[in-house]
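In order, the protein sequence lines correspond to chains A and B.
According to my numbering, the residues represented by the first sequence are 13 to 446, in order.
According to my numbering, the residues represented by the second sequence are 13 to 446, in order.
Do not rely on the hints blindly, as some may be mistaken.
Just so you know, same-sequence chains aren't split out, so a pair can sit in one copy or run between any two.
[Said to hold, decoys possible] With a cut-off of at most 25 Å between alpha-carbon atoms, the simulated DSS-like pairs for lysine-lysine come out as follows: (1) Lys80 x Lys53; (2) Lys404 x Lys300; (3) Lys300 x Lys252.
Don't read these hints as lab results, they were simulated from the structure.
Number of protein chains: 2
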Amino acid sequence: MTTQQDIASHAPLASLSRDELATFLAAKQEEYAALRQRGLKLDLTRGKPSSAQLDLSDRLLSLPTTTKDRSGADVRNYGGLEGLAELREIFAELLWVERDQVVCGGNSSLTMMHDTLVHLLLHGGPDSPRPWVQEDSVTFVCPVPGYDRHFSMLANFGIEMVTVPMNEDGPDVAAVEALVRDDPSVKGIWIVPTYANPSGAVCSQEVAAALAGMPAAAADFRIFWDNAYAFHHLTEEEAKSADVLTLAAASGNPNRPIMFASTSKITFAGAGVAVLAASAENKAWFLKHLSMGSIGPDKVNHLRHVEFFGSADGVREHMRRHRDIIGPKFAAVDEALTTALGGLGVAEWTRPSGGYFVNLDVLDGTATRVVALAKDAGIALTPAGSSFPLAKDPRDRNIRLAPTFPVLDEVETAMAGVATCVALAAADRLSAGR
Amino acid sequence: MTTQQDIASHAPLASLSRDELATFLAAKQEEYAALRQRGLKLDLTRGKPSSAQLDLSDRLLSLPTTTKDRSGADVRNYGGLEGLAELREIFAELLWVERDQVVCGGNSSLTMMHDTLVHLLLHGGPDSPRPWVQEDSVTFVCPVPGYDRHFSMLANFGIEMVTVPMNEDGPDVAAVEALVRDDPSVKGIWIVPTYANPSGAVCSQEVAAALAGMPAAAADFRIFWDNAYAFHHLTEEEAKSADVLTLAAASGNPNRPIMFASTSKITFAGAGVAVLAASAENKAWFLKHLSMGSIGPDKVNHLRHVEFFGSADGVREHMRRHRDIIGPKFAAVDEALTTALGGLGVAEWTRPSGGYFVNLDVLDGTATRVVALAKDAGIALTPAGSSFPLAKDPRDRNIRLAPTFPVLDEVETAMAGVATCVALAAADRLSAGR
């Protein structure tokens, strides 16, 4: 991840004279009028795989070829709460954990996170003094920008959220430590450690170790380690996720982290397999409560995935085919923004080396306007502020771009349009300030 | 459903003289010793479909043949929280409800029940004064004998359970009414309305209407209507489930019932599709909270099932093929029990016209002994008392038999063995009382 600030093909907007700025604004207004007339209908809102990506996994539709797992159990029948051993092995290797730490579930890691939070609220964890619903208040630390669904889940449960900056190497450790050290109501943090949504940041070993080992007033402090993009590399320099389970165990906090991942952006977004990995105690706790509402996961889908991948290497190879499809889309985003905005000094954006998003920071106070302008021109963007708790971006500057779903051509068109909106909103704002 | 008390091939055990009883006991001890020597390994514990039943659905393994649903949406991708419209239509027809009332979910209706209960606990329903966790206590009415997983789920949440008798036409209405009328802490009842687990009872229209309309002190009283065996007929006289949603709406209690069903015992037990049906308000409430932990169900599996069934009639036809396989097993249970125990006056059992279980009531105080004797002879039965809250059968007489999973030959062998254990335990007990 590098931020865009070195290229200066245009003069900084703030350095223009009043007349120059007026001319620039008029040009952008004209550009925008032309954009609106095109009647586009493009969507950059969500991190969804494209049809071409989904096609990569179509062999799944005629799998599995057998109905028995390695142990001889009939995958069509009930049972096997923790999931197929052979699938758990594949994920253990990919996530640098042990097979015994892994549970394979249904089609959504978000559901496993939700379930984990529900169990903590209603029962408390193995090391909780009481169920979290019996606490006066529960607070989570939220690195920002972050994933909107994490925040809305917390908000729906009435859990307080306090933000810390998400740096290039992960959450700001000093800020997290200060919040967690003395306040036992601070019970957790949500982290997307690899190619974070939306910043693309990769949590370093050092940051992971610090978070795993830091003193926490709450004995049952939890790190929700949502490794959704662990294998989703955009370059040949493949980031390695830290093994936070081992780091935490080594620090005497084995139950602190719970790791999540899924194949949602590997095979079928709606019909993949989700994974949880945790300490032996956390895993037993999770399975105990899971067993109250489940007799077992869809093991046919587990076997389908085992046959499809073959091995952890099969997953890695498969991810390279994804990279070939989406890599050019990320390059197109960067090119469109650079061409239109480079040097203007009104926008910064990421060039992520993995994941599903480009984080675009526009001129303070203009993000909402940019999204509205784009919408009027037929380009749907994630609502401004979505990457902040309660959708409140204090600087109104953050926009999450999701370029994977449209075809390349559409990404180019949409991003040229977005760049026009960014420049127009900035010029408008700067003009108003004169 | 009829109970076995009319056939009298043996003299009642209680009418025997001391010597006759001693002779009978000795004969049964000998029979049991021989049984143990056979070294059986048979399992009648759980209501699981057999391999032959699962084979009926093997065409699913190479479905779906397309990746678009009727609306043109790509089933492989995210979204579609309430499930495929065409699958919801099939279930609406089968359950005599409206498509708009139906949500199709993942592989387990138990999970949908668990989620519903979790949402009630943490948020309350649309008509709740407060989340249920904020009540001093919450009590559920539990018709007995009933389904062990319902009871363990309630127990795990600390919900109190009070029992009422399960009659042949459903729960004892007067008993339910008396509990519900004045006590606002009584928040719900769990009912398996069609071919109940384990009694085989079918809830009549009258009982359903009474429960739907009865006065309840709790404005948010809920009927968990677990129609797990709605289509699981064992005879050509197919029971019709009451449309409890319409009955409740007509009584001014639209939000009282929530209906559940699944294809777990129709297609693949571990890889089927679950269904919830409810009032518009309840459905919106359920989906709102569901959306916090799910972006959508496995729509590929939904489409797989739509292609497999074709229509509601396709489901009905498919169920007849199940009946052909399991009908003889239920007949074998009845025959083995009648042959060995008929007229002895030490056991009653059901001849269900649908569902997955035979309810066996043995001599009071001997159920635990029977299960232990069977276990020592290599025949696994559901633990005695399982059909009661906290596994406490006050009369220690109830045993749930699940004959679907073993092949017919094994059912015959196992049931002859069980009958021996029942007779032996009864003779022992009666002898001790002399």
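### Task
Enumerate the violated hints, using their earlier numbering and listing them in ascending order.
3
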